[in-house]
Structure formats: C-alpha cells, structure tokens
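Here the protein sequences come in this chain order: A and B.
The first sequence: position 24 = 24 (the numbering used here), numbered continuously.
The second sequence: position 67 = 67 (the numbering used here), numbered continuously.
These are calculated hints, taken from the structure and not from any lab test.
Note that the Cβ used here is the ideal one computed from N, Cα and C, for glycine as well.
Please note that the accuracy of each hint is not assured.
As the list claims (entries may be wrong) - Computed footprint of chain A on chain B, listed as stretches where at least three residues anywhere in the stretch have a Cβ under 8 angstroms from a Cβ of chain A:
#1 39 to 50
#2 96 to 104
Stated by the list, open to error - To give an idea of the chain B side of the interface with chain A (calculated C-beta under 10 angstroms), a few residues:
#3 4
#4 6
#5 33
#6 74
#7 91
#8 93
#9 107
#10 109
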Amino acid sequence: KQEVTQIPAALSVPEGENLVLNCSFTDSAIYNLQWFRQDPGKGLTSLLLIQSSQREQTSGRLNASLDKSSGRSTLYIAASQPGDSATYLCAVIETSGSRLTFGEGTQLTVNP
Amino acid sequence: DAGVIQSPRHEVTEMGQEVTLRCKPISGHDYLFWYRQTMMRGLELLIYFNNNVPIDDSGMPEDRFSAKMPNASFSTLKIQPSEPRDSAVYFCASSLAGPYGYTFGSGTRLTVV
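In isolation and in its complexed conformation, chain A is listed as follows:
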C-alpha cells in the first residue's frame, strides 16, 4: 500500500527566505506526482504536476523535483511571501486515472 510522508509538518519562516518542502513515497512505481496548496477553509489548488518521466517542473517562484528511484519529491519556494502561507500537500498517482494518495501536508507560515 502506497504511503506518502511530508516533512516538516509545520514550518515558519521570515519573508524573503527560500525554502524546501519534502515529500516521500514508499512505492516508486508512480505515474504522476502533484503538489497542491490549501488555504484555511478552502479547496485544493493545483500547483505543479510532474509526470513520472520528468525530473522537475517550474511555475514562477515554485520548482518541484522528482526522484522516483529514491521515492522523493521536493517543492522549492523562492523568495517566500506572506501570501504563500498555506498548507502544501503532495499526492502521488500510481496509474492513469487511479486514486491520488495524499501526504499529511506541510503547514507553511511566512512572517512579514
């Protein structure tokens, strides 16, 4: 059974800092990996999707990498801003159209 772990569970940083969120998964036979953001009381917003054949994806200040062999992904946020404060969720997809298996999330607070 696939298990997804995110470290740290919570992170508080000053504005402007670069930071890395970590995600690990137990079964490396994945199809895709998707990072989401969730604001308090809100739904999930997709940030980046990495296909199994890719090593990384970038969108603005966000960069996500994937190392299937080691079962790890990282989300790098450059020059963090208070508006980046949210919970970040990592999810793996094992086959096309199958379920997403989520980690517990990292709660990020960026202090002005």
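Following the hints, complete the assembly by docking chain B onto the known chain A.
Relative to the frame of chain A, chain B by itself:
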C-alpha cells in the same frame, strides 16, 4: 471553464437526517472522485468513477454512504442516516485519463449535530 462545482458549500443537519452532496465535474473529464477531509485522518478517497461507472468504493465508510453518477455531468454522495462523526469537508475532483492532473472543487463542509 468553471471548474469542478460542488453544492452546497455548507450543510448543517441533525443526526439521523439524510444528506445529499452534489458535484458537477469539468466537462469532458472521464474520472470523478469523492474525498473526505478531517483533521484526524486527512484526505481519504471514498469512491471514484470512470465514465460514470463506480470503479473503487472500498473507501466508503459503511452502508449509510452511497454515491451515484447518473450521467457525465453530475454525481451525488448521499449519507442516510447521518451521524456526528460524518462531520467533515467533502471534496469532489475530476480528471482526464492520461498524464493530467486532478482538479478539485471547493468542497462541502458538513456539520451533523
């Protein structure tokens, strides 16, 4: 595209009542998922459909929960009778087959008192 649309946004009901949650997936998507989110258990998959057919309902907690997808543009999740432990946020998501991501709705916050 309006995205995945869920209704209602909030639902407060008394224990024992029937609750129906609704979802309209993105047009053209052939997969639809129902997830439940709680503080204790995080995001859990309840059931998912492919081309309106239920594929995996192993996450449905018990017989009080049922889900239907009568056509490609509509799905319901029903709880009858509801219990306080069913209080959670219920999300619907849809996707296309292939190397595409999943899109989530805004969720329905259910409170059973």
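Task: Interface hint compliance - residue 74 of chain B to chain A, C-beta minimum distance less than 10 angstroms - done: The hint is violated - residue 74 of chain B has no Cβ within 10 angstroms of chain A, the shortest such distance being about 19 angstroms.
Task: Given hint residue 6 of chain B near chain A, where the shortest CB pair must fall under 10 angstroms - done: Residue 6 of chain B check passes; min Cβ-Cβ to chain A is 8 angstroms, inside 10 angstroms.
Open item on the list: Quick check on the hint: residue 109 of chain B CB to chain A CB, less than 10 angstroms?
Closed with: Holds - the Cβ of residue 109 of chain B comes within 10 angstroms of chain A, reaching about 8 angstroms at its closest.
Task: Assertion that chain A covers the stretch 96 to 104 of chain B - criterion: three or more residues, beta-carbon distance below 8 angstroms - done: It holds, with 8 qualifying residues against the three required.
Open item on the list: Less than 10 angstroms between beta-carbons is the criterion; does residue 93 of chain B satisfy it with respect to chain A?
Closed with: holds (8 angstroms)
Open item on the list: So, as I understand it, the hint says residue 33 of chain B touches chain A; can you test that by seeing if any CB pair is closer than 10 angstroms?
Closed with: holds (7 angstroms)
TODO: Closer than 10 angstroms between Cβ atoms is the bar; does residue 107 of chain B clear it against chain A? Give me holds or violated.
DONE: Holds: closest Cβ of chain A sits about 5 angstroms from residue 107 of chain B, inside 10 angstroms.
Open item on the list: Just to make sure I understand the rule, a stretch counts as covered if three or more of its residues have a C-beta closer than 8 angstroms to a C-beta of the chain. Does the stretch 39 to 50 of chain B meet that for chain A?
Closed with: holds (count 5)
Open item on the list: Hint residue 4 of chain B vs chain A: min CB-CB distance below 10 angstroms?
Closed with: Since the shortest Cβ distance to chain A is 9 angstroms, the answer is holds.
Task: Interface hint for residue 91 of chain B, Cβ within 10 angstroms of any Cβ on chain A - done: Hint holds; residue 91 of chain B Cβ to chain A Cβ min 7 angstroms, cut 10 angstroms.
Comparing the model with each earlier hint shows a violation of hint 6 alone; every other hint is respected.
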